[in-house]
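Each residue of the sequence shown is one higher than the one before, starting from 4 at the first, in my numbering.
These are computed hints drawn from the structure, not numbers from a lab. On a predicted model such as this, the values are computed, not experimentally measured, just so you know. Heads up, a few of these hints could be off.
DSS-like, lysine-lysine: derived pairs with alpha carbons at most 27 Å apart [what the hints assert, rightly or not]: (1) Lys207 with Lys70; (2) Lys81 with Lys70; (3) Lys61 with Lys81; (4) Lys98 with Lys61; (5) Lys70 with Lys118; (6) Lys92 with Lys61; (7) Lys98 with Lys70; (8) Lys63 with Lys207; (9) Lys70 with Lys213; (10) Lys114 with Lys63; (11) Lys63 with Lys74; (12) Lys213 with Lys63; (13) Lys63 with Lys99; (14) Lys98 with Lys63; (15) Lys207 with Lys81; (16) Lys92 with Lys199; (17) Lys213 with Lys81.
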Amino acid sequence: RTARIHFLGRRHLGRRVPVRLSPLSMGQLVGIVVTLASLAVTSGVAYSPEGLQRRLDKAKRPTSWQKRLDKALLDVDKNPQQRIRLLQKVAGDGKKIVSDVRVAAAEVQEKGIGKGHPLLLDLLFPDGTTARSDLEGLVALRKQLPELTKGLAPPTVEQLRAAAPAAPIDPTRVARALADLAGDERKQRELLQEAKNALRSTPKGLETPKYRVLRSWRAGPGALDGVVELRSYPPFTVARKGMGGAGFGAVEGGGAGFNALASYLFGDNADGAAMAMTTPVGIDVSGGGAASSMSFVLPRDAARAPPRPNADGGVTLDEVPARIVAVKAFAGVVTDGEVRRQRDALEAAIETDGGTAPVEAGAFSVLQYNAPYAIPWRRRNELAIVVSEVVAEEEAASAGEAAAGDAEAAPAGEAAGEREGREGVSSWYDTGVRL
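Please put together the full structure from these sequences, using the hints given.
Quick look at the structure:
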């Protein structure tokens, strides 16, 4: 009684004391939800489809208790004061929390975990939350890790010898580096940023190509099937290195390509100019998997006049034209099997949607955004396919009739070139391009 701590006010015996809240693990978060569900009385829970949809729509709002609780517990960029304010707002939604947990628990009780878990996930862990991404990543790792370790072999003596440092570590140099770090606030901030990037899905402080999301749709009927985004990219410049592999095997064997491109970016080029690291690292596979290459995006300020690659380095510079890309994100590690699954899922989603079609059959790209030390289930990977808009037969027929009508109505002396600017368009996308 004498040592009361007013948690929300942060007072202890009349003195203000700091309250440290660290992000909870997925196990702790799931444990909280399970505990709430076990305390909920599920009998007599009734809801209409319209009411259920309203609940799901509210869960996706930035101000929902789900989003606030997720940020308070799992967002590495929130400080203790921000976490406390978020938890205060969550505490004010106690009735909503109990009601939503009861609905989710009733769904699982009625339909079983197999058919009831989609509603539980969408209601308690909506898309856009770190918890939802973590769940998707952990599920993906169940298949990825066995695939990753299957082809591993113990290192040979020669490999161990080659990996050993050529000279012993100098303790004096290490001590000097630590002393420099202790007195350099900029380096400390950069080190803290790198440490946080290990916990972020999308790292901060790295330049990435700009794009605009045109629309999105579900990649499949399952709760963890993910979303497909249709993106519009403006032109950008990349440094490219051929990998010499075929098919999916080239996706995992890109160590030599990565080292060559990183060396070029960091100053090993004909001009000796160093550039900042960018993201993502792309692996492009042509149709049929006949050839593949790895690419780094050049910083925008260097893309206007990029440094010349060394003649013997195998690095080339390419300008990627403006294009429309269908993208499906996936977490975890990139394996041949995972790339195959994601490619099949994206191609099926594109076909089901019907609004776009691949420009080159069998061609795709794998984009990786994170450093090697990022925790696996939060790694951001994407499978991308360049697409074009599909024109429906009815639209094409209408456009053809309109064009024919314009041609008939044109004055006899009007040249064909003068009619080009007002020809009928074949789709809404074509209209936008012409404008």
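Each hint tested on the structure:
At most 27 Å may separate the alpha-carbon atoms for a hinted pair to count; Lys207 and Lys70 meet this at roughly 21 Å. For the given pair, Lys81 sits about 13 Å from Lys70 by alpha-carbon distance, which is consistent with the 27 Å threshold. Straight-line distance between C-alpha atoms of Lys61 and Lys81 comes to about 23 Å, which keeps the hinted pair within the 27 Å bound. Restraint check for Lys98 and Lys61: the C-alpha separation of about 14 Å stays at or below 27 Å, so the hint holds.
The straight-line distance between the Cα atoms of Lys70 and Lys118 is roughly 24 Å, inside the 27 Å bound, and the hint therefore holds. A distance of roughly 15 Å separates the Cα atoms of Lys92 and Lys61; the hinted pair therefore holds under the 27 Å criterion. Under the criterion of a C-alpha separation no larger than 27 Å, the hint pairing Lys98 with Lys70 is consistent with the structure, at around 16 Å. The straight-line distance between the Cα atoms of Lys63 and Lys207 is roughly 24 Å, inside the 27 Å bound, and the hint therefore holds.
For the suggested pair Lys70 and Lys213, the alpha carbons sit about 26 Å apart, so the restraint of at most 27 Å is met. Note on Lys114 and Lys63: the hinted pairing holds, with a Cα-Cα distance of about 24 Å set against a maximum of 27 Å. For the suggested pair Lys63 and Lys74, the alpha carbons sit about 13 Å apart, so the restraint of at most 27 Å is met. In summary, the hint linking Lys213 to Lys63 is supported, as the alpha carbons are separated by about 25 Å, within the 27 Å threshold.
A hinted pair counts as satisfied when its Cα atoms are at most 27 Å apart, and Lys63 with Lys99 qualifies at roughly 14 Å. A hinted pair counts as satisfied when its Cα atoms are at most 27 Å apart, and Lys98 with Lys63 qualifies at roughly 18 Å. Distance hint between Lys207 and Lys81 is fulfilled; the C-alpha atoms sit about 14 Å from each other, no more than 27 Å. For the suggested pair Lys92 and Lys199, the alpha carbons sit about 25 Å apart, so the restraint of at most 27 Å is met.
Taking the CA atoms of Lys213 and Lys81, the gap is near 26 Å; set against the 27 Å cutoff, the hint holds.
No hint from the list above goes unmet by this structure.
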